[in-house]
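Chain order of the listed sequences is A and B.
In terms of this note's numbering, the first sequence opens at residue 2 and continues consecutively.
In terms of this note's numbering, the second sequence opens at residue 502 and continues consecutively.
Calculated directly from the structure, the hints in this document are not laboratory data.
The structure presented is a predicted model; accordingly, all values stated were derived computationally and were not measured.
For each residue, glycine too, the CB sits at the ideal point set by N, CA and C.
Take the hints with a grain of salt, since some may be wrong.
Below, computed lysine-lysine pairings styled on DSS-like, alpha-carbon distance capped at 27 Å [stated by the list, open to error]:
1. B:K747 x A:K269
2. A:K233 x A:K207
3. A:K233 x A:K276
4. A:K207 x A:K269
5. A:K53 x A:K276
6. B:K790 x A:K53
7. A:K135 x A:K233
8. B:K790 x A:K233
9. A:K135 x A:K53
10. A:K269 x A:K135
11. B:K712 x A:K233
12. A:K280 x A:K269
Derived DEER-like restraints, expressed as beta-carbon distance ranges [said to hold, decoys possible]:
13. A:L206 x B:E802: 16 to 26 Å
14. B:R567 x A:A15: 24 to 34 Å
15. B:S789 x A:D230: 20 to 30 Å
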Amino acid sequence: MFTSVDDVSARLAATGYLASPAVATTVFLADRLGKPLLVEGPAGVGKTELAKAVAEVAQARLVRLQCYEGVDESRALYEWNHAKQLLRISAGRDETWDEARTDIFSEEFLLTRPLLTAIRGDDPKVLLIDETDKADVEVEGLLLEVLSDFQVTVPELGTITATRRPFVVLTSNASRELSEALRRRCLFLHIGFPDEELERRIVRLKVPGLDQALATSVVRVVGALRAMDLRKVPSVAETIDWARTLLALGADTLDETVVHDSLGVLLKHQDDVLKAAAKLDLDAV
Amino acid sequence: MRIGTGETVDAAQAVAALGLADRELLREGLAATLLHGPAQRQVFDPVFDLYFPRGIGAPEGESADRDDLRDRLAAALAAGDEMLMARLAAEAVDGFGGYGSSPASDGWSSHQTLDRVRPQTLFARVRDSVRAQSGASGFTDRLLEDEIRRRIETFRRQVAAEARRRIAERRDRDELARRAVATTPDRLDFLYAGKLQLAELRRTVQPLARKLATRLAARRRRTSRGSIDLRRTLRGSLSTGGVPMKPVLRRRRPVRPELVLLCDVSGSVSGFSDFTMLLVQALHDQFSKVRVFAFVNRLDEVTPLLVHGAADPEGLGARIRAEATLTGWHGSSDYGVALGEFAERYGDAVGPRTTVFVLGDARTNMSDPNLAAVGRVAERARRVYWLNPEPQALWGTGDSAAPAYAELVDMHECRTARQLSALIARLLPV
């Protein structure tokens, strides 16, 4: 899919995703080695966005499995279309039992869910398994077969193997420790907060109307907040939100009042807001 | 770190795909294939720097004199140019870090380099020059000082890495990789962790607590699935002619356990108790009631100081020591008196649903361990666990009363965050 690491950066950038060297390298390797990519990092640094950007670059269909507590085989892999099966049975009452049975467990009655969808078919696909850590441990067992051999076993149909391997991205916020077996099958990428220069470029790209000087100030304030000991430090998504807010407020420079009034966009806990206000000397106003 | 054959093969393929031309690409490629978690990066990077050094020997160019170097460093700090700072770090170590003259005893010292170059004294100069350039105004100006401090800190780290690289050229690299590279924070020994490392440990509290909380919740959910309630199943089966179609499960009353923490906060083990208190505070909503008591040789309740969310980890230990009465006539810990005081004054804090954790090294400074008081607490509580940050081999040496206490209550060795989280997950009542 990609010819070099620079190629990855350039093409991701063309879709509006500015990748750090670490991100570009890992995406390149995941493509070359044909291994799934496990992406961890704080919320709002662009883990899911990465999968979308890769799908856009590869002109592939994005198949998304959103994990949650209680997601199970029938939500992740496949289900039998019971209603249709019943219709089929009642439509052919005069058939023998053997004919009917072989019939209703065929492809026609199979409802494919994300994992099976990603494996079947010849068109290029990006499989995004979002928030893997939210799923129960049993689902990880299910993923192991899919991720190591790119195959799924349906008892009635046999094993379905991928003819064309999808590019797999798993994301996790590390709220639960993923099993060692799952980690071993993946390349690991930790996306942290970008450095100042990269974040400035991201802000400029996402908020086109913002002028250079204000973007610099925005990134500096966010950097200062991240260095504080807060319950939830602002992420890239919040930086962009804040930049948009400032633009909407028509602020052309940062001052105490503007920052004080819009701090809620960046910080999500009241005690964080108070702490930041104290450290930045906002209450003097 | 556990790295198996599979990872090694992947790493080799990564190297083949990326080539050896770009050092940073290689670094990211190896990290992606070999590592399994963000904490390991801290070990990986220094080791990578040792085995794939940026260069060999001294940096190019003549070594400059000190004032010239400081001038250039000030300019680099003002510009925030990390590449230039790294180059200056190499120059600084080369020019001012060498010591010894005989081949056997010479080496490179980051400490000595920093002592001579003194980057921290450039602070005012850098600040003034940045202000002069940008025309000192506006809101962001007040961020400047912290930013410069962070840049100086970066430079100090660069010097340390450079010194390590130069040493590695002369000494055995494998040996150095084993000994000079810091370990991941969850394996740090509580008793020997320095101030910076403790700060690092505190940062691991939140993720750790979240992990434990999900694990506890999952365990609670599993146990609550429970057994079949035969009476209600049969009652329900009447509507289907006595065929029990739908098994009814016995409902459980959700019981949230109560927790009492007794923490030795004397100097020798304070890092350990601080960390544990923070962890328990973060797990607060898992329990119906948490009470925390701190002691040195007197005991006092500190639960109000640990209000959820409001405590700042840095000042916690200091605040406890300032606001609670923990010491009597002397400053060393006395388990006998403190535990006796607990049994006497706060005996009613312990009931049949309470799990008590005692945190401390059980070093009584030769005073009476007051086993009777511990016995009384153990009788009333559901369980009593003692977490001891000392290695088990040292229990009972010197003034340690650990073996005597261990006969009365469950004592566990708990030296690192990793051990602590494993223990908490195992011991906490659900």
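The hints, checked one at a time:
no.: 1; hint: B:K747 x A:K269; result: 45 Å, violated
no.: 2; hint: A:K233 x A:K207; result: 23 Å, holds
no.: 3; hint: A:K233 x A:K276; result: 12 Å, holds
no.: 4; hint: A:K207 x A:K269; result: 22 Å, holds
no.: 5; hint: A:K53 x A:K276; result: 36 Å, violated
no.: 6; hint: B:K790 x A:K53; result: 45 Å, violated
no.: 7; hint: A:K135 x A:K233; result: 19 Å, holds
no.: 8; hint: B:K790 x A:K233; result: 26 Å, holds
no.: 9; hint: A:K135 x A:K53; result: 20 Å, holds
no.: 10; hint: A:K269 x A:K135; result: 22 Å, holds
no.: 11; hint: B:K712 x A:K233; result: 17 Å, holds
no.: 12; hint: A:K280 x A:K269; result: 17 Å, holds
no.: 13; hint: A:L206 x B:E802: 16 to 26 Å; result: 54 Å, violated
no.: 14; hint: B:R567 x A:A15: 24 to 34 Å; result: 48 Å, violated
no.: 15; hint: B:S789 x A:D230: 20 to 30 Å; result: 29 Å, holds
Of the numbered hints stated above, those contradicted by the structure are hints 1, 5, 6, 13, 14, listed in ascending order.
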